[in-house]
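If you're matching them up, the sequences are chains A and B in order. Its first residue numbered 62, the first sequence is counted upward by one per residue in the numbering used here. Its first residue numbered 62, the second sequence is counted upward by one per residue in the numbering used here.
Please note that a few of the clues may not be correct.
[What the hints assert, rightly or not] Calculated pairs, DSS-like style, for lysine-lysine (alpha carbon to alpha carbon, straight line, at most 27 Å):
(1) B:Lys288 / B:Lys67
(2) B:Lys259 / A:Lys188
(3) A:Lys346 / A:Lys294
(4) A:Lys188 / B:Lys288
(5) B:Lys67 / B:Lys82
(6) A:Lys105 / A:Lys383
(7) A:Lys259 / B:Lys188
(8) B:Lys288 / B:Lys259
(9) A:Lys337 / A:Lys319
Derived by calculation from the structure, the hints in this document are not laboratory data.
Protein chains: 2
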Amino acid sequence: MKVDCKLLLKEELQLIESALKCHQISQHPFINEVSEYVLFAGGKRVRPLLCVLSAKALNSFLPESLYEVAILFEYLHVATLLHDDVVDEAEFRRGRRSARRLWGNQATILVGDYLYAKALRIASALKNPEIMEVITRTTLLMSEGEVLQLLHLDDTEVSEEAYREIIYRKTAALISCACEVGALLAGNSDREVSSLAKFGYHLGLAFQMIDDLLDYTSLETGKDLGKDFAEGKITLPVILALNRATPKEREELIYLLKKKNTTGEDFQRAYFLIDKNEGFILTHKMAEEEIRHAKTALKELKDSPYREALYYLAEYLLNRRK
Amino acid sequence: MKVDCKLLLKEELQLIESALKCHQISQHPFINEVSEYVLFAGGKRVRPLLCVLSAKALNSFLPESLYEVAILFEYLHVATLLHDDVVDEAEFRRGRRSARRLWGNQATILVGDYLYAKALRIASALKNPEIMEVITRTTLLMSEGEVLQLLHLDDTEVSEEAYREIIYRKTAALISCACEVGALLAGNSDREVSSLAKFGYHLGLAFQMIDDLLDYTSLETGKDLGKDFAEGKITLPVILALNRATPKEREELIYLLKKKNTTGEDFQRAYFLIDKNEGFILTHKMAEEEIRHAKTALKELKDSPYREALYYLAEYLLNRRK
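If we strip away everything but chain A, and leave its shape as in the complex, we get (with noise of 0.2 Å):
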């Protein structure tokens, strides 16, 4: 069977923003307004997408409301975002002044706690235990996440292991939930929930790391370029090269990533130095390595067009130039 992944993915989405679009989010002009700015901001909706797939792919007779479910892990998503915006201190957002610039640092905080609270609105609606236990596990370890990121923010002694820990709790871990939370929705064995769960955790994994490369390889992002190189992040890209350079281009690179107010010669000098000692390159090789996990873990799983979606999706985040 030859399935035509992209416009199954497209028909997928095309459902995804509709419900996005038709849910109140709230009786207040004012929470819709500043939630509707960052919701339709050209989100990849690949928290909805997954958990709409890996419903569909163990089974396709699932009810319209599949998609008031799936939306609420775009909910949970940009309620992270606008706090992020507001500990970043952020100016931009895909392009676009952030929440914060336009609103204030205030109203920023008190709607992101609004959307979180409102997913969690959505997914107790559904009456089901272990969905909720799912969810709030993940909330759980998503805020431990931020934290943790936060402490080891500028921390240039920080172990890949410690960056995977971090990702997990800030990216990972609600991807798995998406697509778990999915499985969930279809009633199936348990087998097949954690199969889901673990591509989940693998995709979301690959998914961070190549967020973190694009954000030194990539000119169209729509964040500001070299965001995590101006703020001091240490990311994988770095890690790696930090592990290979020689103890003066190491020196370097953390004198530029820890320097205030860097110049565009400074972020080339790093890209320089990050790319000599196969910091992207080997970041790369690594969200292979998550992918192809993840695509192992489907092998448990029949064959569908929505596994195929699943597949050729998990292909095309690794692949992404922005």
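The hints should help you fit chain B onto chain A, whose structure is shown.
Same frame as chain A, now just chain B:
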């Protein structure tokens, strides 16, 4: 039956305190450090106490684990305090330096998120969809209330009605939720559950009204004296005074509230204007009225030492001086 309510409350508070001390918040010392700083800063434990008393008023044979559940309401409360501190740019909280001043806004926001997630994690472990429904409904109302408060913070046209809507969401909803969840844990009839929810609702309104009153009249409240005044917050004493003031007094009071960098003299003058126009006495009367409604709701329950303690607590909260 003569019940020693004071002793009963003292014993229950000790059990709550030890549950708070024994419960591991996180495996990460930093999260524990920030959390414990705010958790053990002299809070009155009103919310866990109400949860425990509500449960025991319906069923005195409840497992020890009741206390582990009750503390989730303190976690939720403290999570909102942490975000409030950032939103209000507070320097002090309960007479000590605020968490944001010690650890910065970033950590304060993120540990607030963590405690919120932790509270929901405790709730979800009960695997009781009804309890989860009540809690997520409440957290949504709370975050809505915070946004509304931000929008109407300095609106001198705000009505008594709008004020009630805000304090319902901001304070009464969680207090009512603590009572309702206590009742649900005792596994009792809908009638009793809704009586206790109603009790908490009226008690919560009174609690916030008294809080707003004490912000003007207490010298020992532990907050900066006249914090609401300094921030230009329009609370019930002000609303009621503005309603009765002459046009000239109205103008002056509004001027004082909108003024930046207010002095002790400004505060004294505002106090005088509110007092002269019965803002304080009428606020207390309105709180009394709510406490009356709260007590009426308790009549639905069978007589017990715990019901007596709830009566006593309501009276105590109305007449507290800090």
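Hint check:
1. B:Lys288 / B:Lys67: violated, 31 Å
2. B:Lys259 / A:Lys188: holds, 24 Å
3. A:Lys346 / A:Lys294: holds, 21 Å
4. A:Lys188 / B:Lys288: violated, 42 Å
5. B:Lys67 / B:Lys82: Holds, at roughly 22 Å.
6. A:Lys105 / A:Lys383: Roughly 10 Å separates the two Cα atoms, so the pair holds.
7. A:Lys259 / B:Lys188: Judged against 27 Å, a Cα distance of about 24 Å means the pair holds.
8. B:Lys288 / B:Lys259: violated, 30 Å
9. A:Lys337 / A:Lys319: holds, 20 Å
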